[in-house]
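Spelled out, the chains give:
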Amino acid sequence: MNSPAVLFQMEGTSLAYQGREVLRDIRLRVSPGEKVALLGASGAGKSTLLRQLRLQQATQVAWCPQQPGLVPMLSVYHNIYMGRLDVIPWWKNLANLVYPNPVARTAIAAIASQLGIGDQLFTSADRLSGGQQSRVSLGRALYQRRPVFMGDEPVSALDERQADQLLGLMMQQHETAVVALHDVALAMRHCTRIVGLEHGRIQLDCPVSETSEQALLAFYPQ
Amino acid sequence: MNLPPLYPFLRSGFRVQRSAQGMLRTCLLFVVLALLCLPWADISVTTRDPWLELSRLGWGLLTPDFGRPGELILALANTLAFALQGVALGVVGGFLLALGYRFALIRRFSAFIRAIHELFWALLFIQLMGLSPLAGVLAIAIPYAGTFAKIYGELFEEVDPSAWQALPSGTGYLSGFFYTLLPQALRPMMIYTSYRLECGIRSSAVLGFIGLPTIGFFLETALKQGLYSEAAALFYALVLVIVTMRWWLQRRLVLFYLIAALVWLPPKVSLDTALVVRFFTEDIVPSPLRSIQGWSDVLPALERFWPWLNQLWQQQMWAGLTHTMILALLALVCTSVITLLWFPLISPLFGGRWRQAGGHVFLVWMRSAPEYLLAFVGLLLWGPSMLPAIVALALHNGAIIAHLVGRYSEGIRLREDAATGINRHFYEVLPRIFRPFMAFTLYRFEIIMRETAMLGILGIPTLGFYIDSAFSEFRFDRALLLLLLTAMLNMLVDGMARSLRQRLHLSSQPESL
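Quick mapping for you: the protein sequence lines, in order, are chains A and B. Counting from 1, position 95 in the first sequence corresponds to residue 95 in our numbering; the numbering is continuous, with no gaps. Counting from 1, position 155 in the second sequence corresponds to residue 155 in our numbering; the numbering is continuous, with no gaps.
Relax, there's no trap hidden among the hints.
Just some of the chain A residues that point at chain B, by a computed CB distance under 10 Å:
{"id": "1", "residue": "W63"}
{"id": "2", "residue": "P72"}
{"id": "3", "residue": "Y81"}
Covered stretches of chain B, going by a simulated chain A footprint (3 or more residues, C-beta under 8 Å):
{"id": "4", "region": "402-416"}
{"id": "5", "region": "421-431"}
If you want the ones that stay clear, here's a sample from chain A, every Cβ over 12 Å from chain B, calculated:
{"id": "6", "residue": "G43"}
{"id": "7", "residue": "Q114"}
{"id": "8", "residue": "P147"}
{"id": "9", "residue": "E160"}
{"id": "10", "residue": "R189"}
{"id": "11", "residue": "E198"}
{"id": "12", "residue": "L204"}
{"id": "13", "residue": "E210"}
Honestly, the hints are just simulated from the structure, not real lab data. Every residue gets a Cβ at the ideal spot worked out from N, C-alpha and C, and that includes glycine.
Next up, chain A with everything else stripped away, as it sits in the complex:
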């Protein structure tokens, strides 16, 4: 059998959050090139699963957590720059705090204008709206230039049209993606595979073509 290389793998794993078991007997494999959407009501364990998956390939993953975790005093530019702190020598990082590095500035300005925050490049993060903050968080993930994108509700603070546009951008810029979403239509449009979580288990795992928006709405009890 000639199975493609596996990026993420869980074989009957149980996962706990703050000491309480939230996911049982998880079997999941993600291969390069897949765009996986995690669906499930809040509290279903999407964040716990994502956190655990990220640790399997921490250096490959561009990470976009639910709380952007920006540094309020630093500018948009610096917050995006922080995505690559680990690959640049520390003395260059320090110099960049005092005076922005011209190369990084060009690259980050391009990312920021793609995300629609080009005008705010040197505005402190604490002066941004919630939507702008999640764009900065996306920008940091983009600037990491890593093959896998992992996001926990990365576009939930944006309006429908912008969410659609920016999620498309993230999918286009990364080879593989695992994204927790609560918008079924977005998942259908941008992902190739749907994983549905319910009652602490994976209840559904199939290609987008084999399911329908109607069927997926069952994961969100009214």
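Mind docking chain B on chain A? Use the hints.
Same frame as chain A, but now just chain B:
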């Protein structure tokens, strides 16, 4: 302040809206001012072999000599007795002043009495009452009363007013105060008061250096004779008393301690009434004005007064003032550097539990050493210059602010993929702690200025040097004017730091500083 923007190249094209801009400029201003001060700051090492002395000191610290337990216990008992009585009297005085803290006059008065360092008060009272217990107790009580008045007063102002407003109309001020304000402010007042007792023990220890029988007296003797092992034993005893305070300072034992302190060291005094009268009516009057007998003497006396004042200004006041400001500014900048280097030691964002515990022990040690003692040791090591004073102030105050900043950093939650090491310090943590760091440091600036003036007693030419000389030459008129100048400088710095804190939107709440 109209300083240029930090990124000049951005002036065209980008709107720069940086929340930290004001703070960064203020910081930069302080650093630039400190650098400009450097050419006037005497920071030379004048001893022949500082390393030899340092190694002897280090050896002493490693081999403490507890050979004279009787002397040690006597010194500790005296230190605690002065501290307990002084702080208790300060609490009473401060509480009474705080009752009237809404009146500007009382606020000014409180600011004035705390602007004069306890060592200066001690010099004054020793003149009046000799080396009597009451002199030491009052020297602690008076400036502490000024501080307590401020902290208690601000705590009363911050109490939720709804309980007060719900009282029946016609309730008197005192009834309302004891039923609504005091119960709500009591807890933070107790916490602050117990912290001040720690400061009181340090102050009491330092009073020994000018002759009162506390631990500082024995420390000075041992250090001057080069008996570093004996000095180390005394120092360890002092640190032990301060570090174990949280166990021995029990609420129900306070009254017992206080009675014991009064029995051990009754605040007796033998006042020479004639001397006291002479002090107030003659000694402290500027010498050219003493001869005034009637109206006809006034004009000639004033004609002599101005040259006298002018001479005093040129020879002592101006020099003392500039040296005090230069030293305080340099000490402030060094304190900030120490703070930023040391707070990671106790922060959970860096290192594990053991490293944090070690950091806590280290910082407690560093802040338990009174700055006067550190400066005294520094003088032995490096000779008389500003260097020992700067190092002493930076180590002591840096340890205190690092402790506060480290505790603040416990509330910071980082992302799972946050950077580590030096990148974490500068990108994730420093920007987040910068606002409280500035608030704490500016809060501390007034205290650094007070201490700088006081360290002059050691021979560094700040205001304290001239005050001490005036006292020892029995020129009390000069001493009084210099003391007033010192107080004015402190009140000015206090006001400046407060307005800076407000302008930068830093918290102005009373901190345990």
